[in-house]
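**Q** Sequence:
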Amino acid sequence: MLWGDADRIIDVEVGRAYAAAIPGARFELLQATGHLPQLETPEQVLASLTAFTASLPSAVAGLPPAPGAEEPRAEEATMTDVKITGPDGGEVALSGPTRLRILEDGSTTEHRLGVAEIVIAPHTDGPPQHRHAQHDEGFYVVSGIARFTVGADSYEVGAGTFVMVPPGAPHTFANPSDETTVLLNTFTPDRYVQYFRDLHDMIAAGRPLNRQTIGEVMSRYATEVVGDS
Numbered sequence: 001m002l003w004g005d006a007d008r009i010i011d012v013e014v015g016r017a018y019a020a021a022i023p024g025a026r027f028e029l030l031q032a033t034g035h036l037p038q039l040e041t042p043e044q045v046l047a048s049l050t051a052f053t054a055s056l057p058s059a060v061a062g063l064p065p066a067p068g069a070e071e072p073r074a075e076e077a078t079m080t081d082v083k084i085t086g087p088d089g090g091e092v093a094l095s096g097p098t099r100l101r102i103l104e105d106g107s108t109t110e111h112r113l114g115v116a117e118i119v120i121a122p123h124t125d126g127p128p129q130h131r132h133a134q135h136d137e138g139f140y141v142v143s144g145i146a147r148f149t150v151g152a153d154s155y156e157v158g159a160g161t162f163v164m165v166p167p168g169a170p171h172t173f174a175n176p177s178d179e180t181t182v183l184l185n186t187f188t189p190d191r192y193v194q195y196f197r198d199l200h201d202m203i204a205a206g207r208p209l210n211r212q213t214i215g216e217v218m219s220r221y222a223t224e225v226v227g228d229s
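Residue 163 in UniProt numbering sits at position 163 of the sequence shown, and the numbers go up by one each step.
Each hint should be verified, as a subset may be incorrect.
[What the hints assert, rightly or not] Quick list of in silico lysine to aspartate or glutamate cross-link-like pairs, EDC-like style, CA-CA up to 20 Å:
id	residue 1	residue 2
1	K83	E110
2	K83	E104
3	K83	E117
It is worth saying that the hints were derived from the structure and are not from the lab. All of these numbers come straight from a predicted model, not from anything done at the bench.
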């Protein structure tokens with residue numbers, strides 16, 4: 001879903017809503033672009049489409065091979081690409097006291113799984129307590145101490161701990177300690193990865209980061225803020 005950041009006819013939030021309503025869809029904001037990207041910034045459109053199609057599975061079920069294309073040998077037909085993301089790779093969606101790096105955005109897993117790394121500075125709170133309706137969320141504590149708040153209960157856990165949050169469970173997390181905390185964050189399916197990209201865009205646009213604005217972005221992904229946290 002491509003949308004111009006300077007579209008004055010249809011608001012960008014409409015584009016985000018379309019993408020959020022389509023399973024597996026991705027939203028991308030085109031810079032210095034109005035209502036007709038294909039005419040105004042065709043080079044951006046082409047680059048986005050090229051990147052998108054390159055990330056899709058190499059074979060699409062139901063489509064015949066291109067004319068003149070050789071049929072793959074049996075051993076080749078079962079081969080798949082492996083994605084390796086190094087320590088300096090991935091997509092940094094958030095920076096600051098809480099840094100979030102997207103390690104897998106679902107393009108390799110056919111959108112079954114998304115993975116992120118969260119690095120939290122000492123004495124830093126997380127998002128307001130919230131609950132998801134359409135995905136499971138997992139947290140593995142790689143290093144440091146994390147405090148998970150689930151409703152009225154809080155749990156301080158250390159490295160090696162895994163926390164799985166099913167749909168409907170209110171939760172948030174924080175780093176209450178004097179050391180940096182690193183979490184491995186999973187999403188099944190991957191849809192919530194786009195939330196962090198939207199949050200990045202909101203911050204870049206200069207909007208304040210508070211309970212209300214965060215709740216607005218969460219609501220695009222079947223997630224709601226709960227309680228008074």
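**Q** Now tell me, hint by hint, if it's right for this structure.
**A** Results for each hint:
1. K83 with E110: holds, 13 Å
2. K83 with E104: holds, 9 Å
3. K83 with E117: It holds: about 16 Å lies between the C-alpha atoms, which stays within 20 Å.
The structure agrees with every numbered hint stated previously.
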